[in-house]
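J.: So the protein lines, in turn, are chains A and B. All letters in the first sequence, in the order written, are residues 1 to 130 by this note's numbering. All letters in the second sequence, in the order written, are residues 131 to 502 by this note's numbering.
Careful: at least some of the hints might be erroneous.
[What the hints assert, rightly or not] If you anchor each label on the Cβ, the simulated ranges turn out as follows:
hint, chain 1, residue 1, chain 2, residue 2, range
1, A, D70, B, L135, 27 to 35 Å
2, A, S85, B, Q472, 40 to 48 Å
3, A, E5, B, T475, 57 to 65 Å
4, B, Y310, A, A120, 55 to 63 Å
5, A, I80, B, K502, 45 to 53 Å
6, B, D444, A, D23, 43 to 51 Å
7, B, Q413, A, S85, 55 to 63 Å
[Stated by the list, open to error] Derived SDA-like pairs (lysine to any residue); straight-line CA-CA distance at most 25 Å:
hint, chain 1, residue 1, chain 2, residue 2
8, A, K105, A, S94
9, A, K100, B, R432
10, A, K66, B, G486
11, B, K487, B, S443
12, A, K66, B, R492
Calculated directly from the structure, the hints in this document are not laboratory data. Think of the CB as a built atom: it goes at the ideal place given N, C-alpha and C, for glycine as much as any other residue.
The lines below spell out each chain.
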Amino acid sequence: MNHEELLYAETHEWLHLAEQNGDKIATIGISAFAVEALTDLVYIQLPEIGQKVAVGESFGEVESVKAVSDLYSPIEGEVIEVNESLADDLEALSTDPYGKGWVAKIKLTDEGGLADLLDADSYQKQCSDG
Amino acid sequence: MTSTLAQTPLHSWHVSHVGRMVDFAGWSMPVQYSSIVAEHRATRCHVGVFDISHMGRIRIGGPDRVEFLDHLSTRQMTDLAEGCIRYSLLCNESGGILDDVLVYRFADQLDAHWLLVVNAANRHKIASWLEQQSHAFEVELEDLTATTAMIAVQGPLSVQVIPRVIAAPPDHSFTKLKYYQSQRGTFHNTRVLVSRTGYTGEDGFELILPTEIALELWNAILECDPDYGAQAAGLGARDTLRLEAGMPLYGHELTEEINPLQANLRFAVNLQGRDFIGRESLQMIQYELGQPRRVGLQLEGRRVPREGYRVLSDRAEVGHVTSGTFSPTLEVPLAMAYVTPQVATEGSKLHVDIRGKNVAARVVKLPFYRRK
Numbered sequence: 001m002n003h004e005e006l007l008y009a010e011t012h013e014w015l016h017l018a019e020q021n022g023d024k025i026a027t028i029g030i031s032a033f034a035v036e037a038l039t040d041l042v043y044i045q046l047p048e049i050g051q052k053v054a055v056g057e058s059f060g061e062v063e064s065v066k067a068v069s070d071l072y073s074p075i076e077g078e079v080i081e082v083n084e085s086l087a088d089d090l091e092a093l094s095t096d097p098y099g100k101g102w103v104a105k106i107k108l109t110d111e112g113g114l115a116d117l118l119d120a121d122s123y124q125k126q127c128s129d130g
Numbered sequence: 131m132t133s134t135l136a137q138t139p140l141h142s143w144h145v146s147h148v149g150r151m152v153d154f155a156g157w158s159m160p161v162q163y164s165s166i167v168a169e170h171r172a173t174r175c176h177v178g179v180f181d182i183s184h185m186g187r188i189r190i191g192g193p194d195r196v197e198f199l200d201h202l203s204t205r206q207m208t209d210l211a212e213g214c215i216r217y218s219l220l221c222n223e224s225g226g227i228l229d230d231v232l233v234y235r236f237a238d239q240l241d242a243h244w245l246l247v248v249n250a251a252n253r254h255k256i257a258s259w260l261e262q263q264s265h266a267f268e269v270e271l272e273d274l275t276a277t278t279a280m281i282a283v284q285g286p287l288s289v290q291v292i293p294r295v296i297a298a299p300p301d302h303s304f305t306k307l308k309y310y311q312s313q314r315g316t317f318h319n320t321r322v323l324v325s326r327t328g329y330t331g332e333d334g335f336e337l338i339l340p341t342e343i344a345l346e347l348w349n350a351i352l353e354c355d356p357d358y359g360a361q362a363a364g365l366g367a368r369d370t371l372r373l374e375a376g377m378p379l380y381g382h383e384l385t386e387e388i389n390p391l392q393a394n395l396r397f398a399v400n401l402q403g404r405d406f407i408g409r410e411s412l413q414m415i416q417y418e419l420g421q422p423r424r425v426g427l428q429l430e431g432r433r434v435p436r437e438g439y440r441v442l443s444d445r446a447e448v449g450h451v452t453s454g455t456f457s458p459t460l461e462v463p464l465a466m467a468y469v470t471p472q473v474a475t476e477g478s479k480l481h482v483d484i485r486g487k488n489v490a491a492r493v494v495k496l497p498f499y500r501r502k
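Can you make the complete structure from the sequences, with help from the hints?
T.: And the structure:
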C-alpha cells in the first residue's frame with residue numbers, strides 16, 4: 001500500500017478504506033514512524049473477529065522491550081479479519097508496515113471517525129513537530 | 131527543556147549518534163542508539179560501551195576514612211585490601227536501604243583515600259548523609275562527579291580491548307586484574323582508574339577518568355579494533371543486562387522501605403563483631419518472618435511484566451513486580467518481584483496480572499543468566 005494515500009490517526013494508526021459488497025472496509029496498521037519509535041517489538045495482542053470497536057477505543061496492544069502501547073481504533077465498526085501471521089512474524093510490522101504488517105480489517109458501522117483522520121502530509125508534519 | 135538536565139562529557143557524541151536522550155535522575159542520557167536488543171546482544175557476545183558518567187563519585191580522605199566508611203556500611207570495610215573494591219549498602223537507622231554502592235580502596239601511599247560510587251538518583255542524598263554523619267570523624271569529602279567521567283566496557287572481548295587502549299603500569303597487566311580490583315593506567319599521559327567491575331553479568335571493566343579526555347578515550351575504545359565489535363550501548367541495554375544478571379536497581383528493587391535481608395543481599399551484611407548504622411534494626415529484622423522477599427519470576431508467553439504489576443497466587447495478591455523485561459538472551463519474559471515468603475520458594479507457581487489478564491509465572495533462581 002502506498003503510504004502517501006493512507007489516512008492516519010494522531011495515535012499513529014494508519015487506515016486504508018475500500019468498498020466491498022456495499023460495505024466500507026478499513027484496513028488498519030501501525031505507522032512506520034510509530035514502529036520505529038517503539039523498536040524491539042516482542043508481542044502483539046490482536047483484536048478478536050466479531051469484536052465491536054468505537055472511535056478511540058483500544059483494540060489491541062503492542063509490547064516492546066521498553067514499554068507496552070495500546071492500539072486505538074480510528075473508527076467505529078466490527079473486526080472482520082485480523083493478521084494472524086504477525087504472531088510469528090512481528091518483523092513484518094517494521095519491514096513492511098503498510099503491507100504485510102497490517103493488523104486488522106474493520107467493517108465500518110459509522111463514518112464519524114473518518115473526518116478526524118489526517119492525510120499523509122499532515123501526519124508527517126505531526127511526527128516531525130513531535 | 132533539556133537545558134535543566136545535567137550533561138555528561140559525552141553528551142554531544144550521544145546526540146550526534148542519534149542516541150534517544152531521556153531524563154534519568156536529572157541527567158540527559160541515551161536510552162538506546164539503535165535497538166536495546168542489538169546493544170544488549172553486542173554486550174553479551176562482543177563488547178558494549180556505556181557512558182555511566184551520571185553515577186556519583188565521592189572521594190573520602192582524612193585519617194578516619196576507614197572507620198567512617200565502616201560505620202556507614204552494612205559490610206565490613208576495615209579488612210578491605212588496597213586496590214580492592216567491595217559492593218555494600220548504606221542503611222538508615224531502621225535498616226532501610228539508602229543506596230547500594232561500590233567502595234574502592236586505593237594503594238596510593240602519597241594520597242591515601244577511598245572512593246564511593248553511588249547511584250545517580252541518590253548522589254545528593256548520599257553526599258548530605260555522609261556530611262551529616264561525618265562530625266565525629268576526621269574525614270574529607272569531595273564530590274568528583276562533575277570533574278570526572280565514567281565509562282563501562284563490558285563483554286567477553288572487553289579484556290582484549292582495554293590493554294590496547296590503556297597502558298598499564300610497568301609489571302602490571304589489565305588482563306590479570308582480578309574481579310573487584312582496580313589499577314591505575316594511563317591514556318595519552320593522563321591517569322585513568324581501571325576496575326574489573328560491571329553491572330551486566332559479563333566480564334568487564336569500568337573506567338574513571340578526567341572529563342577532558344572522555345571523548346578521546348571513548349572513541350579510542352570504539353575504534354580500537356573492528357574485530358571486537360565494540361558498540362555503544364545505552365541505559366536500556368544496561369537495564370536488560372543487569373536484570374538478566376539478577377542485579378537489583380535502586381528505586382526499583384531497593385528503596386528506603388526495603389531492608390537488605392528481604393532484598394536477598396544477606397551476603398552484603400556483616401552483623402557480627404562490628405557496629406554500623408542500621409545494625410541493631412537488621413539484627414532484629416533477621417528473625418522477623420513474613421516480610422516480602424525479592425524473587426525472580428519467569429513468565430509464560432511473550433507478554434512483558436512491568437513495574438507495579440500485581441503478583442497473584444490463587445487469585446490472591448501476594449506481591450508486585452519491581453522490574454521486568456523480555457529477556458533478549460533467554461527470549462522469555464522475566465521479572466523481579468517482592469512476594470510474601472510463603473510463595474517465595476523456587477518452583478512456586480504464581481500469576482502476574484498483565485493489564486487485566488492473569489499470565490502464568492513461576493519463581494526461578496536468580497540470576498536468570500550466568501556467563502559461562
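J.: Each hint needs a verdict: does it hold in this structure or not?
T.: To see whether the hints hold, each was checked on the structure:
1. A:D70 / B:L135: 27 to 35 Å: At roughly 29 Å between Cβ atoms, B:L135 and A:D70 fall inside 27 to 35 Å, so the hint holds.
2. A:S85 / B:Q472: 40 to 48 Å: 43 Å, holds
3. A:E5 / B:T475: 57 to 65 Å: About 58 Å separates the Cβ atoms of A:E5 and B:T475, which means 57 to 65 Å holds.
4. B:Y310 / A:A120: 55 to 63 Å: 56 Å, holds
5. A:I80 / B:K502: 45 to 53 Å: Holds - the Cβ-Cβ distance for A:I80 and B:K502, about 50 Å, lies within 45 to 53 Å.
6. B:D444 / A:D23: 43 to 51 Å: 46 Å, holds
7. B:Q413 / A:S85: 55 to 63 Å: 60 Å, holds
8. A:K105 / A:S94: 19 Å, holds
9. A:K100 / B:R432: 21 Å, holds
10. A:K66 / B:G486: Within the cut-off at roughly 19 Å; holds.
11. B:K487 / B:S443: The hint holds at about 14 Å.
12. A:K66 / B:R492: OK: A:K66 and B:R492 at ~22 Å, within 25 Å.
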